[in-house]
Structure formats: C-alpha cells, structure tokens
Amino acid sequence: MSVVPPSISTSFRPDEVTTPRFSTETLTELCLTEIVQNFQQHPHILNNPKVPYQLKEKIISLLNVTLPPEITVVHLSGPESEFFWKKCCKARWRNVDVEQHGTNYKRFFLEITVQEKLEQYRDDMPLEEMKQYLHICRDNVYSLEIKELLSHLAPTIIIGELPYLVNLNLTYGAKRSGINFDWNVAVGMKEADCVSMATAIRTTRSLTTLALKNNGITDDLFRIINRGLLFNQTITDLDLSHNKLTARGVRYLCKVLIAKSGCVLQKLNLAHNRIPAEAGALLGQALVQNKSLKSLNLRLNNMSTGAGDLVKGVLQSPTLTWLNLSCNEIPIATTVELLGAKNLTHVDLSGNVQGESAGQAWSDAVGRNRTLAVLDLRECGLPETALQAVAKAIWRNRHNREELQEKEEAAGVRHI
Amino acid sequence: RSRARLEKKGRGREPRGFMFEYCTDSAEKEERIQARRQRVQKKLQDDAGAAAAAQAAATGAASTPHSGGKKMSRSSTSTDMMVVAEACAHQSLGPVELREIKASGDGLAHKRQEFYDEITLVQLTGDKEEQKRLAADEEKRKRLQQMGADEKVKSSAECEQIATQWTEIARKSVVEALHQDIEKMKTRCQEVLKSKDHVIEEYRQALRDNAADFGKALVKEGEDVDVIIEVMHKQFKEMSRRYEEELNRLEGVFESERKKLREENETRLEKLYTQRRVLEEKFMEARAEKRAEDEQTVEQVLQQDADEYAILRTSLQSEIQILQQSLQQMKATYLMNMEKLDYDIKLLAQRDLIHSERLASSKVKIIRLQDSLAQLRAKYGKSDKKFRQRNKELTDEYARVIRQYQDVQKTFSHFKKVDTRKFREVWQMNKDRATQLARKVMTADKVIHEHILGLLWFPPTEDVFSFPNEELLFTHENDDAEADGDALGPLFTLATDEEGEEVRALLAPLLDQAGFLVDNKVKEVLGKGPAGPMEQQLALDTILSTLHVESQADSVKLLGYLKSAAQGGSGSGDSESEEKDVGDQVPALTQMQLVAALQAFVNDPERREAILAKQKQEEEREKTTKEDLSRRTAEFWSRMQNVVAKDTFKMWELLNDELGKYHALLENRLKLLEANQQLQQQNDELRRVLQEYMTSSENEMLICPPFHQEESPEKQPTRPPPARPQRGLSAFSTQRQASSAGSSVQPPRLVAPQLTTTAPITPAEQQAAVFEAGDGGAVAT
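From first to last, the protein sequence lines stand for chains G and P.
Letter by letter, the first sequence follows residues 1 to 416 in our numbering.
Letter by letter, the second sequence follows residues 1 to 781 in our numbering.
Hint data in this document are derived by calculation from the structure and do not stem from the laboratory.
Some hints here could point you the wrong way.
Claimed, not checked - Pairs of lysine to aspartate or glutamate, DMTMM-like flavour, derived with a Cα cap of 25 Å: (1) P/K128 to G/E70; (2) P/K111 to P/E245; (3) P/K128 to G/D97; (4) G/K131 to G/E70; (5) G/K407 to P/D432; (6) G/K244 to P/E221; (7) G/K244 to P/E618; (8) P/K216 to G/D97; (9) P/K142 to P/E223; (10) P/K410 to P/D224; (11) P/K140 to G/E329; (12) G/K255 to G/D237; (13) P/K132 to P/D224; (14) P/K140 to G/D219; (15) G/K175 to P/D137; (16) G/K244 to G/E403; (17) G/K147 to P/D294; (18) G/K90 to G/E128; (19) G/K244 to P/D209; (20) G/K175 to P/D432; (21) P/K386 to P/D396; (22) P/K216 to G/E379; (23) P/K417 to P/D396; (24) G/K213 to G/D97; (25) G/K213 to P/D213; (26) P/K128 to G/E278; (27) P/K216 to G/E329; (28) G/K407 to P/D197; (29) P/K290 to P/E280; (30) G/K244 to P/D432; (31) P/K132 to G/E403; (32) P/K102 to G/E403.
Quantities reported herein were computed from a predicted structural model and do not represent experimental measurements.
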C-alpha cells in the first residue's frame, strides 16, 4: 500500500481531516525545539538580527515559563515577548488585569512578583538575594502596592534598587489577622523605618505617589519622615490615612505645604487620623499660601469647630478642587461658606452634626453655586427639603458642565 | 478598538486614586461593581445587540473578584453623556434617537446615583459609628489614664507613709506591739495592693471590652459586607433590568426609525427604477435606429471600396511590367560594368608590381638620407655648442663694456660736478670783486656829488648787483648730469643670467610682436643683419623709449603689467602670491594680450602724471636756455661796467681839470704868502733896527731927536688866516648850482689878478686882496 502525501489527501478528501495524519517534523521545527531546550545557555539568539521575526516569535511562544528571571527579564523584552509574559501571568494567576500596569504583561508579572516577594520577605531571610532580585527587575517596576510588609525592610533598599518606581503603597504589618491579632507581627512603622523612608524620599527622583496607610505613624515618627518630604520635589500624591497624626503632625505637614522651595503636593489624604480642631487654622493658613494642592481628604477626624478656619483657607486657595470633611463632628452651619469657593467641584460633608438649624442656609446658598458637581450632606441632620434642593442644584451644575464639555469637544473636533 | 479608546478616555477623566479606605473589601468590591457596570452600560449604548455581552460581562464581573477596581466614577454620567455624544458624532444619529439616548442616560445616571448613595450610606453609618466609638474610646482612655494617675499618686503616698512607719515600728521593743503593728502594716499593704489590683483589673476589663468590641466590629463588618453584597446584587439585577428595558426601548425607537427610513428609501428606489426603465426603452429605440443607419452606410462603403480596388489593381499590374523591363536593362548594364572592372583589375595588378619595385628603391634611399641626417645633426650640435659658447662670451663682454661705460659716465658726471663747483666759485669771486668795485665807485660818486659838488645823489637800485636765476646757471647743469647719469644704464639687458631669465621671457614677446613700436631708422639699421643680442638690445631700448620707459621704476611697472597680462591670459588671478608662483614659468603672451598690457601700461594714471610733470619741467628748462643765460650774463657785466654814467664821468674829468687849475692857483698863492712873510720878516728887522737907532743914547745928545710914532705898529691887525678851501668850494658849488640852473656848464673862473703882482703890498692892501679873492665868484658874476 502506497503512502499518500498528507497534503494531497487533505485536499482530496477534506472529510477525512479528523483522521490521524502521518507527518514528520520539519528541520525548522527540530531546530526550534533544540533552541528552546537550550535557551537558558544561549539566550542571545533572540538578539541575533539574522533570525527572522517569525521564528523569534515562535521561539518565544515555545519557551518554558519556569525559566529563571535573570535570563527572561533581560532577553525577553519588546512587543514580541509579550506572548511569553502573558503565558507566565496566566500560569500563575487566574485573573490578570494589566490595565493597572501599563497594559504590559511583563510589567504586570514583575510588579506582582516583586510585591509578593516583598510581602513574603522576613527579617531573617538573606537580604542580598532580595536586593539581587530587585536589581534584576529594576527596569520594569514602576508601581508597587505592598499591602502587608511583615519585615522591617528599609524603604531605601526598595526605592534605591528600583530607579523607575513611581508609585509606592507601603503598609507595615499583617493584614486580615482578624481576632488573632498579634502585636508582634502587626507593628506599623518603627523609628528606623521612618529614618530610612526620609532618606529614600529625599534621594528619589521618580517617586510621585506615596501611600503609607495604616502604619501607626505618630507625630514624632512623622516628624522624621517630614525631614525627607521637605527636600522632595517629586511626590505629588501623599496618603497618610489611618495613622495617629494630631495637631503637631499637621503643623509639620504645613511646613511642606508652604515650603519656600515650592511645594509639589497635589493630593493629600489624612483620613482617619486624630486631627483636632486647632489644626483647622493651621491647614487653612497653609492652603492660602500653597499653590499646588488640589485634593484634601480629612475624613474621620475630629475637626469640629476648626472647620470654620479651614473653610476660610479653602476659599482663598487657588487650586483646591476636591475636599472631604466627612465624619468630623463639624457643626454644619460653619461650612456654608464653602459654596462660595470658585474652584471646588467636589465636597463631602456627610456625617457631621447640627444640620437642623443650617438647612435653610444651605438650600439658599447652594442655588447660587455653579461649580460643585458633587456635594454630600447626608447624615448631618439636614431636613429633607434642604437635601432635595441641594440635589437639584448639583444635578443642574452637572448638566451645565456636561453641556460645556460637549461644546468644547465639538469645538475640538471641528478644530482637528 | 474605538470603544476601548473611549473607555480609557472616560477613565482618564475620573479622579485617579479616589479610594474608599475602609479596611474591609466591601468598598472595593462595590467600586469594582460600579466600574463594571459603567463599562457594561457603555457597551450597551455602543452596541445595539449587546444584551448578551452585557450579561457575559456581568457574570465576568461577578466571577472575577480580583484587584483592579480602583477607579470609580461619581461623574459617570458625564462620561456616559460624552460617550453618547461621540457616538452621535460617529454614527450621525437623528435628533430623535439622540434625545431618547440622552433621556435614558439621564434616568440611568439618576438611578445609579441613588444606588451609589445607598451603598455609601453603609460606609457612612460605619464611619459615624466609628466616630462615636473613637470619641468614646478617647473618653475611656482618658478616664483610665486619669485613674491610673490617681492611683499612682495615692499608692505612692501610701507607700511613703508605710515606709516611714516601718522605721517607727523598728524602734519598738515590745514583741506583741510589734506584731500588732506588723499585722496592721500588712493589712495596709494589702489594701494598697488591692487598689492596684483593682486598677489592673479595670485595665484588663477595658482590654477585654476592646477585644470584644473588636470582635463585634469584625462581625459588624462582616454583616455590613453581606448587606452591601446583597444590596449590590439587588442593585445589579435592578440595573441590568433597567438597562435591558432602556435597551429595548431604544431598540424600539431605532426600529421604528429604521422602518420609516426603509419605507422612504423603498419608495425612492421605486421611483428611480421606473425612471430607469423609461430611459432604457428610449435608449433601445435609439440604438435600433442607429444600427439600421450604420448598416446602410457600410454597404455603401463596401461598394465604393470594390470599385477603387479594381482601378488600383490594373494600375499596379502595368507598373509591374514597367519595372520588369527596367530590371532587364539594369542587368545588361551590370554585365558590361563587370567586364570593365575585370580589365581594371588586371591593369591595377600590373601597377602594383611597378609600385612595389619603386617602394624598394625608395627604402634604400630613405636609409641613405637618414645616415646623412644623422651626420648633419652631429655637425649641427657641434656648431650650436660653439655658437652658444661664443654667444655667452659676447654677452659677458657686452656686460663688461656696459659696466665700463657706466663707470665712464659716472666719472664724467663727477668731473662735471667738480667743474661746475669751480666755475661757481670763480663766478662768485669775480662777481663779488666787481660788486665791491662798483660799490666803491658809487661811494666816490656819492662823495663827489655831495661833498665836492654839493649836489643830491641818488643811489642806483640794488638790481644792479643781483643776477636773477643765478642758481640756474649751476643747477641746470647739475640736473642734466644727474639725469644723464640715471638714464645711462640699460634698463633691461637680455643677458642670460638667472635673474634676467624671467625678464627675458617677458620681453621676448615684446621684441617679437611689438615691432611696430620700433623707429623706421632703427629698423633700417636692424634690417640689414641678423638679430644678434646687440641688435635686440637696441630694438628693446627703442621700444622702451617709445613707451616712455626711462627709469628703473617704470621698467618694474612695465614688467608687472606684462606679468599680470601673462597670468590673466593663463586664466589665473593677479594676486602677488600667484605671481610669484607662476613667475618661473611665464607662458608666452599672444599679441592681443601684449597689446592690451602695453595699453594698460601706457594708460596707467600714475605714469601719465609723471610724464606730464616731466614735460612741464622740460618746458621750463627751455625757457632758460644757455643763450638766454649768456645774454643775461653779458647784461649783468655791462651793467656792472656802467655803474657810473657817461655824463657823470665827463663831469668828473672836467672837475678834475678845474680842480687841477684851482690847485695850481692855490700853490701860487702859497708861494706869494711865503714871499709876503719874508717881506714881513725883513720889515720887522728893519723896524727893530730903527728902534734901536731911535732909542740909542746918542740920540739924546742930538738937538733934535728923531720923531717917534709908536702907535701905528700896534694898531696893525694880526695876519689873517689863509683862505679856507671850504669857502672856495662852497663858492664853487653855489656857482655850479647856478650854472646848472642855466643848463650851461662852465668851469668857475677863479679871479686873482692882483696876486700876480710882485710889488710890495701893505697889510691893508693884502687884506683887501684876500677879500677880493674870497669874493671872486661874486665879482665874476
């Protein structure tokens, strides 16, 4: 019985495609298999310009995901290697959302692995290994979100080893310990951590977002960090929520806000601290002089009567657009003046007190405002009529803005 | 792809990092769901048949509870509206649809806000409770701290007391009392301990409470999360239902719109079809007509072509016959030509033979002639060498002669200078002497005029002694000498030394091609013999003199012009450096270039001025030629001679005569005076003798003594002084004045008639005579 060539057989009888076909591997395929098997020893083959692009793609798609990172990170870069990194991601995680990582699988993979490595790191582990790993990944890590750093790894190491780090979210301590809470593990920042952090902040040239949430930072600790912040010109987004700052800490922060060398902070989050009423005046003063801050979050503090002073500062601030004073025990009548601010678009005053008497003032004042797109006044004891008036005014403002935007866009389209 | 872009854009507008910091996942989850919902809505709005997709996305959202929902949008409506607006822009929807979409978007946004508020309310209440708890916690903390502080103060006071009491107790010697006291102290200590224990218990209680609160809080959190999830499930269902409704509604709107549009289009199409049918029928008819017409014309054309073909055929056949005939004729001619050519070939072969013979003989001859040529060449080389040698010798000789000539010229000029100096000295000396003499004469004249004749004397002008352009007498000659000396050497030599090589190269064309500048006479002289170096030099000098090249500077200038012309001719510029570079190999000048260069040289403004100035000087020199000079010299000398006029001289002669006469007269008078004096002396002696006689003593014896007259000799006046010549002269001058007034010159007549008498004269008489002589002039007049 003669052997019929498979191509002919398929073209002759397409209904028999499902039957197992006799086929031999081509030389190219053999070579590819060999290259893939020995890739660890000869990764430079991908840099060879004589290798056709299609073959490179094939090699990359055939590579094993368990290759050591020191080879893959260096030699597998560029758009064609994305297949490989996608494969790596899919092999490790079920859900891969690369949008938060620059729609880049390589970056996603490396950032998440670095995060995991840091979270798994303990003080008794060898530091050099960690450093080496960071060094390998240095060119591809831009954003880190360390939700539970169990060791006291110095931030200078993280920031120093990763020169392109833009976004750092760092929380010392264990997460989700629940009722099995243990002081020895969940500790927050220590003084040494703060000193290191200050040095790191002072020296960094790339970091723009720094979040130190839930680190138990007291005024004294913050004073140490603040020494770094005073010399920093890159951080625009600072998150200090869930800490233990009081009026003293706010005073230190105000020094940064009114620094003579120019403040670059645009967003400041001080939610869930212990900021008392007297800090309102300080912040108000700082806001008058500051020319950069756009967003300020003071949720869940104890501003109470200090809000009046703060509002005076907000009214004079040239940049502030976003303000959250929720749950601050503020007598709501003292903040009616906020409606006169020209820049503010977003105000949250929910969960404050003494709204019954201020209802009329708010419903009157809100009609005159044209800029606010969001105004939250729930749970302040405001009468229902006032809330309705506020909602109506806000909807009107939103519509106006939308129409304005539409017009602008139409103009833009026409212009193009 | 555009959808993805829109989404990204929408997200970019949202405030980044807007987060709900609640430590639990509830907020995040809710945010994520919000975000998903938003995306789903966009899909719904974008895609008409996206209900299934929305479902899938929703399930996807439920099934992937992973990170990534950091974004959240309270201003989602704005992005929705934006999407709608863009969709409108892209798909060009009608106003009805736009309005509907907008309305539904608005409704959904309201609903979403409601839901959002519902969910955030949970957070808000949580926050509020937390706030309360924090306040309570703070209070509790303060209370505990206060309590601790109080306890510390109290217990320390107590402890101090106890410590002091111990010393008191230690002093006690009674055992029972001591025991009692110790018991007492024990109870007190126990009390202190109890109070401390109480505080510790309080703290522990607080801790336990806190732990319980924490547990409760965790439970509450779990409950809250459950509530939120439940609410969100509910909301999600509600929203998807609403979206579906809205979608259906919008689809209905779209459907109706589409239906309307279709109907419209169909009617329009129908109309167009009918139009087309009519037109097609018309075209068919037109085509059939056209076809019939065309067939007819085709037939006609065919007929015509057949006729034309027949005519053409006959004519062509006749032409063929004619051509065949001519072919025959040509063949015959060719045959004849062939025979002729055969004969020619034979003839030529014979001639070829003869030619080859002649060629051989010529070759022999050529060899012979070449030999002789070689001999002649050798001879020529020898003689050439000889003549070259001779030429060199002659040139050297020439140079030597020229040098000698220059030396001679130099000595000549030297001697000329010396002679001139000598001449000038002699001249000066003579002139000085003459002037001196003339001045002496003039002084004498003045004295004669003023003193002797008493006339006014007018001195002649000083011009008498001056000789205008006296210096010219010498300088002129000097100039000549210098000029001669300057112009003596040849400006250019055609010597063969290396320095002159370049000059020769430049001047050779001048000699060759500027023959028209040579004088006819010189040409005659030159024309006789062949041009040797001497002749060439002569010709060159002539040419140069024609060009007014008279000094070394001029010659250098001329050379410069020639050089620049040569380089200009060879295409290069005229800068100095290039001149030097090319100087070694000056290319030959064409006649045109040469003439242009010479013209430029002649028209050179500097040179022209120089020549003009020279001409002027020469003209001046003309004025003072030697003739003029000699004339003026003669004049000078004659003037010197005639310093004293002829009349004056005559007068001098007359004066001399008269004065001579006067002199004689005076001498005569002198003699008379001397004689007179002798007589006086005799007289005196006689008187004395008489006196002695009169006065002698014998006289007294005399009766009558001689009469005595003593007074008379005493009364006699003293002898007058001799007449002063001035008086005479003045008389003469007055007389002369008078005579001159009468324009007749007469020598004065001096009258002394009585003086000639030799008779003795009395003193009175003498006195009178003298007076007469003094007033002689007056008497004469």
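These are the hints, each one checked on the structure:
| no. | hint | result |
| --- | --- | --- |
| 1 | P/K128 to G/E70 | violated, 51 Å |
| 2 | P/K111 to P/E245 | holds, 14 Å |
| 3 | P/K128 to G/D97 | violated, 34 Å |
| 4 | G/K131 to G/E70 | holds, 13 Å |
| 5 | G/K407 to P/D432 | violated, 125 Å |
| 6 | G/K244 to P/E221 | holds, 22 Å |
| 7 | G/K244 to P/E618 | violated, 122 Å |
| 8 | P/K216 to G/D97 | violated, 35 Å |
| 9 | P/K142 to P/E223 | violated, 31 Å |
| 10 | P/K410 to P/D224 | violated, 139 Å |
| 11 | P/K140 to G/E329 | holds, 18 Å |
| 12 | G/K255 to G/D237 | holds, 16 Å |
| 13 | P/K132 to P/D224 | holds, 17 Å |
| 14 | P/K140 to G/D219 | holds, 22 Å |
| 15 | G/K175 to P/D137 | holds, 23 Å |
| 16 | G/K244 to G/E403 | violated, 44 Å |
| 17 | G/K147 to P/D294 | violated, 95 Å |
| 18 | G/K90 to G/E128 | violated, 29 Å |
| 19 | G/K244 to P/D209 | holds, 22 Å |
| 20 | G/K175 to P/D432 | violated, 144 Å |
| 21 | P/K386 to P/D396 | holds, 15 Å |
| 22 | P/K216 to G/E379 | holds, 23 Å |
| 23 | P/K417 to P/D396 | violated, 31 Å |
| 24 | G/K213 to G/D97 | holds, 23 Å |
| 25 | G/K213 to P/D213 | holds, 23 Å |
| 26 | P/K128 to G/E278 | holds, 21 Å |
| 27 | P/K216 to G/E329 | holds, 24 Å |
| 28 | G/K407 to P/D197 | violated, 75 Å |
| 29 | P/K290 to P/E280 | holds, 15 Å |
| 30 | G/K244 to P/D432 | violated, 136 Å |
| 31 | P/K132 to G/E403 | violated, 42 Å |
| 32 | P/K102 to G/E403 | holds, 12 Å |
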